[in-house]
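Novice: Chain by chain, the residues:
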Amino acid sequence: MLPLDLDVRNGEFLTLLGPSGCGKTTTLRMIAGFVRPSTGHIVVDGDDITDLPPQKRNMGMVFQDYSLFPHLTIADNIAFALVERRVPSAERARRVKELLELTRLPQIAQRFPSELSGGQQQRVALARALAHTPRVLLMDEPFGALDAKLREAMQEELRTIQSSLRITTLFVTHDQSEAMRLSDRIAVMNHGRIEQLDEPRTLYDAPRTRFVADFVGKINFVAASVVGSDSGRDTLAVDALGSRFMVRSSVPALVGQQVTLAIRPERIRLAAAAPAADGMIEVEALIERVAFLGNVMHTELRAGETPLVMESAPGDWSVGARLRVCFQSSDASVLAESA
Amino acid sequence: MNLPWHRFLLPPLVLSIALLGGSLYVFLAGSFHADLGVGRLGDALTFANYRKLFADSFYVDSLGLTIKLSAITTVVTLVVGMPVAYVLARMRSRWGPVLLAVIVAASFVTIVIKVLGLNIIFAANGGLNRFLLGTGLVTAPVSLIGKVEGVAVGLLYFTLAFVVVLLYSVVLTIPRSLEEAAQNLGASRWRTHWRVILPLALPGIIASGLIGFNLCMGAFTSAALIGAGRILTLPVLIQRTVIFDTKYGMGATLAVVLLVAGLVVNVLSIVLVSRLKAARGVTA
Chain A
1 MLPLDLDVRN GEFLTLLGPS GCGKTTTLRM IAGFVRPSTG HIVVDGDDIT
51 DLPPQKRNMG MVFQDYSLFP HLTIADNIAF ALVERRVPSA ERARRVKELL
101 ELTRLPQIAQ RFPSELSGGQ QQRVALARAL AHTPRVLLMD EPFGALDAKL
151 REAMQEELRT IQSSLRITTL FVTHDQSEAM RLSDRIAVMN HGRIEQLDEP
201 RTLYDAPRTR FVADFVGKIN FVAASVVGSD SGRDTLAVDA LGSRFMVRSS
251 VPALVGQQVT LAIRPERIRL AAAAPAADGM IEVEALIERV AFLGNVMHTE
301 LRAGETPLVM ESAPGDWSVG ARLRVCFQSS DASVLAESA
Chain B
1001 MNLPWHRFLL PPLVLSIALL GGSLYVFLAG SFHADLGVGR LGDALTFANY
1051 RKLFADSFYV DSLGLTIKLS AITTVVTLVV GMPVAYVLAR MRSRWGPVLL
1101 AVIVAASFVT IVIKVLGLNI IFAANGGLNR FLLGTGLVTA PVSLIGKVEG
1151 VAVGLLYFTL AFVVVLLYSV VLTIPRSLEE AAQNLGASRW RTHWRVILPL
1201 ALPGIIASGL IGFNLCMGAF TSAALIGAGR ILTLPVLIQR TVIFDTKYGM
1251 GATLAVVLLV AGLVVNVLSI VLVSRLKAAR GVTA
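Going line by line, the protein sequences match chains A and B.
Throughout the first sequence, residue numbering follows the numbering used here, covering 1 to 339 in sequence.
Throughout the second sequence, residue numbering follows the numbering used here, covering 1001 to 1284 in sequence.
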């Protein structure tokens, strides 16, 4: 792990997003107290908890494999933390009932974990992690084992529960669409570092690095050479795809330098018959593949040597034909290479 | 190719059944015949041996001593073995398997060698006794020979390695993440053991305990060598009855009683545990 600075706001849903081995789970386990950071501090509400053992941190964690206690009933699983806190049994029973209702679990209090479906176990794991009203809810790829439909339903439910309780939540996933759907903010991690921490929208529209752009959503990369740079502003003049235009840049570049432009597939569209408007870059390309997905169509194009993907409303073009496509120069940007 | 592998199992199966069944038959049958002296058995079927055994406090005390000694040794073995097994199973370093291998190797050392080792350790002029006498903790040299405690130590020495290896595999079946879940929910290390590890390991602990108990019930060497003829457990008594007294009928009867007593304890423990689990399932 590299030095890492992460500030989670009270009540927010923050996701650590990244490929496997990027350090997101380790970060979560440090906060839970299972891994000791070699340096630095973990502070919650002004209390330094770096040296506290896991049982004194008052966190609620949902594990990847749920880790329900197989020898305890669902009610006893949920009440586990309350027993440790010596909550009287009447109060305990009331709280368990409340949580079973919150997680919309039917009458399963007296069953054992092995008798439940994956989705039900998932909800019990969440109820158990919430029972003692933890300061932070930690979730480690909780929906990884569920099928797509159930995962989506659980995501909805988690969002509802999280926003009704306003509990600070730290969520770990490698699934970018899950992260986008759930999070107030997303920290994209790579090689033990946070590449960018932003709201999902900013992350998508203004990725700071090539890695972030590539990991969050689909993106086209186009080779370009710098022909003019303005040191005062974050714009560059570039030659790319046979045109010369101005683009945003998150890194300084010198004239003559080779850079990479990033353009989202849905920003590329069919060119109009009329002459191109100001700032509109037109390209002629060969259709190499077409994928019809119902509401949208993915068209894989090749403009000279450059592959481009266009995401558009379904059209009636087919492989082998040539298309004139265009994009706004303001929709392209130069991104920093990840360190 | 579809070799009929199961046919290869046939010879060992027949041999095992012949040896087990044959010896069982011989001493079961023998126990119903009266001893006529110098190894001869009467022709008539009789319960005389059993009547004599249960009427004579000498035999009954020996049975009681064997069960008590085995039970105490089993409990001590589990109490000593469980922490060792737990630490070995949870050890992250590569020394874990090495230490386990050492324990397995130790269990291969014959009990005769181990008992000799114990004798040297506890010798009247040995290092341990010289130390104890020197500190004034004892006034006379401590010896294990001919003492119940000594036999118990010998039995512990005999069964501990088996039990540790068994419990090691029991602990391995409990996912570490369950411990983390318990800690995350506020359970201290000790509470995690009490509420998660022990209940989950219980069936394995009982099974390991029963295996240890059965080893103790049938242990002859440590009882004979350390007991030195003064601690008469059933296996020792059987050997004396058969070899010294040549009372094959009585020897067979004692063997049957030992076998049945062991069986009863095993069945009772299994019934008790399943009752306990059922009761917990209802009240939880």
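The set of hints was computed from the structure by calculation and includes no laboratory data.
There's no promise every hint is true.
[As the list claims (entries may be wrong)] Reference listing, derived: stretches of chain B covered by chain A, where coverage requires no fewer than 3 residues with Cβ under 8 Å from a Cβ of chain A:
#	region
1	1073 to 1081
2	1167 to 1175
[Claimed, not checked] Derived Cβ-Cβ restraints for the label pairs, each shown as a range:
#	chain 1	residue 1	chain 2	residue 2	range
3	A	118	B	1266	36 to 42 Å
4	B	1202	A	118	46 to 52 Å
5	B	1020	A	144	48 to 54 Å
6	A	97	B	1061	44 to 50 Å
Note that beta-carbon positions come from the ideal geometry of N, C-alpha and C, so glycine has one too.
Novice: Now tell me, hint by hint, if it's right for this structure.
Specialist: Each hint tested on the structure:
1. 1073 to 1081: violated (count 0)
2. 1167 to 1175: violated (count 1)
3. 118/A x 1266/B: 36 to 42 Å: Taking Cβ atoms as reference, residue 118/A and residue 1266/B lie about 39 Å apart, which means the hint holds.
4. 1202/B x 118/A: 46 to 52 Å: Because 27 Å falls outside the window, the suggested range is violated.
5. 1020/B x 144/A: 48 to 54 Å: Since residue 1020/B and residue 144/A have Cβ atoms about 51 Å apart, the given range 48 to 54 Å holds.
6. 97/A x 1061/B: 44 to 50 Å: violated, 58 Å
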